[in-house]
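Residues per chain, in single letters:
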Amino acid sequence: MPNSQIEIILARQFADCLSIPVFIVDTNGNLLFYNEPAEALLGLRFGETGSMAVEEWSTVFKPTDENGQPLAPEKLPLVQTLGTQKPAHGSFWIDSLSSNEKHLLTVTSFPLMGRPNRFLGAVALFWKSN
Amino acid sequence: MKVTIWGCRGSLPSPGPEKNKYGGNTSCVELLHNETCIILDGGSGIQRLGSAINANIKTIHILLTHLHLDHTMGLGFFLPLYNPNVTVHLWGPTGTNESLIKRLRRYFSPPLFPVRLNELPAHPIVHEINHSVFFIDDIKITSEFICHPGPTLGFRIECDNAILAYMPDHEPALGAANFPNDPGWTSGYKLAKDADILMHDAQYKNSEYATRVGWGHSSMADAIRFAEMCSVKKLLLFHHDPAHTDEQLEQLFEDNTKGKNIPFEVELCTENTFFNI
Numbered sequence: 001m002p003n004s005q006i007e008i009i010l011a012r013q014f015a016d017c018l019s020i021p022v023f024i025v026d027t028n029g030n031l032l033f034y035n036e037p038a039e040a041l042l043g044l045r046f047g048e049t050g051s052m053a054v055e056e057w058s059t060v061f062k063p064t065d066e067n068g069q070p071l072a073p074e075k076l077p078l079v080q081t082l083g084t085q086k087p088a089h090g091s092f093w094i095d096s097l098s099s100n101e102k103h104l105l106t107v108t109s110f111p112l113m114g115r116p117n118r119f120l121g122a123v124a125l126f127w128k129s130n
Numbered sequence: 001m002k003v004t005i006w007g008c009r010g011s012l013p014s015p016g017p018e019k020n021k022y023g024g025n026t027s028c029v030e031l032l033h034n035e036t037c038i039i040l041d042g043g044s045g046i047q048r049l050g051s052a053i054n055a056n057i058k059t060i061h062i063l064l065t066h067l068h069l070d071h072t073m074g075l076g077f078f079l080p081l082y083n084p085n086v087t088v089h090l091w092g093p094t095g096t097n098e099s100l101i102k103r104l105r106r107y108f109s110p111p112l113f114p115v116r117l118n119e120l121p122a123h124p125i126v127h128e129i130n131h132s133v134f135f136i137d138d139i140k141i142t143s144e145f146i147c148h149p150g151p152t153l154g155f156r157i158e159c160d161n162a163i164l165a166y167m168p169d170h171e172p173a174l175g176a177a178n179f180p181n182d183p184g185w186t187s188g189y190k191l192a193k194d195a196d197i198l199m200h201d202a203q204y205k206n207s208e209y210a211t212r213v214g215w216g217h218s219s220m221a222d223a224i225r226f227a228e229m230c231s232v233k234k235l236l237l238f239h240h241d242p243a244h245t246d247e248q249l250e251q252l253f254e255d256n257t258k259g260k261n262i263p264f265e266v267e268l269c270t271e272n273t274f275f276n277i
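So the sequences go chain by chain: A and B. Quick note: this note's numbering has the first sequence finishing at residue 130, numbered continuously throughout. Quick note: this note's numbering has the second sequence finishing at residue 277, numbered continuously throughout.
Bear in mind the hints are in silico, worked out from the structure with no lab data behind them. Each hint should be verified, as a subset may be incorrect.
What the hints assert, rightly or not - Below 25 Å or equal to it, Euclidean Cα-Cα: the simulated SDA-like pairs (lysine to any residue) are:
#1 B:LYS190 x A:GLY114
#2 B:LYS190 x A:GLN13
#3 B:LYS140 x A:ASN3
#4 B:LYS21 x B:GLU265
#5 B:LYS190 x A:ASN28
Unchecked claim - To be clear about the criterion: a stretch of chain B counts as covered by chain A if any three or more of its residues have a C-beta under 8 Å from a C-beta of chain A, and this derived list gives those stretches:
#6 32 to 45
#7 89 to 100
#8 183 to 197
We put the beta carbon where it would ideally sit given N, CA and C, even for glycine.
My request is simple: use the sequences and hints to build the entire structure.
So this is what it looks like as structure tokens:
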């Protein structure tokens, strides 16, 4: 999918070095990259999937509220950032891939603005809350 | 299109008898096609070009990859800038906070240079570019930011079905995932893909690069890997280290090419040479 621009390439390198999960998406929400800690959230390996279209990865990543109800996309920080080109922050629950437990995750997302004010996509950083 | 190399040294002009073969002037390449004159970078090599340029040329386009001094230091000594009958267009990268003209004025002002930009007989026409596609007469130019400190462009120049890619300062191995095996995640790939000629940064030996990662330049080995990934037809190794003598350059070239199965032509770029594409 990508012929990535330099800002995205360097963002991936940064994400690759972090021990917290990171998603990098383009302006359409296509998942350009997820790092190794994020593989645990998706139950997928980037080395096997490569970049994924938004229709594809949204079917495997299903955040819910505390009652297990699926969240509307506009409630998700990453979706908000793509819509507003502004940082966003919020929490949601996801089902564990290895047990029946739920995990509360907090997400901070921010837009990737290249020179000169080119909106290239967004980065989401995940903080485990419980 | 006739291509003439007026300077291919990196970082610092470094004349001397031990560098006579490959030359000591910094980046400057002249492209001539019919009545169109395009100059890539304004390093110290542009001074000699200014004295030799065809007097019939009344419009000159200077494309600056970036504003590091080795790519701009010759501009003040480029005679056509002092000729009111010549129109000079300066094309260069957009910055984050300051306009291109404001950044150019830093060079064209004391204490770096005595003549201010607005004191030139005809003020050059300044064009800011970034991820751009534009035409100069019938020559198509694509520019993109590439991996080098500060806003730095690479150029893909297309004319009469020939493609010249110019990336004199470029460190594609930095930040690239699995370099050189993942083109979509490598800086500059789109610009260089299938180029007839790629002029690319090849400043360092491997041992030198190991201690200079992040400085924005490539080892010769990485330049060759990048060219192979991009399926270019010919690679001109550019931006020679100012400390490397002719003899050392040739040894470095031999170390990186002899006995290797390189599926394209490779040469050390040489000042005062020209070719047609």
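Violations among the numbered hints, reported as their numbers in ascending order | 6
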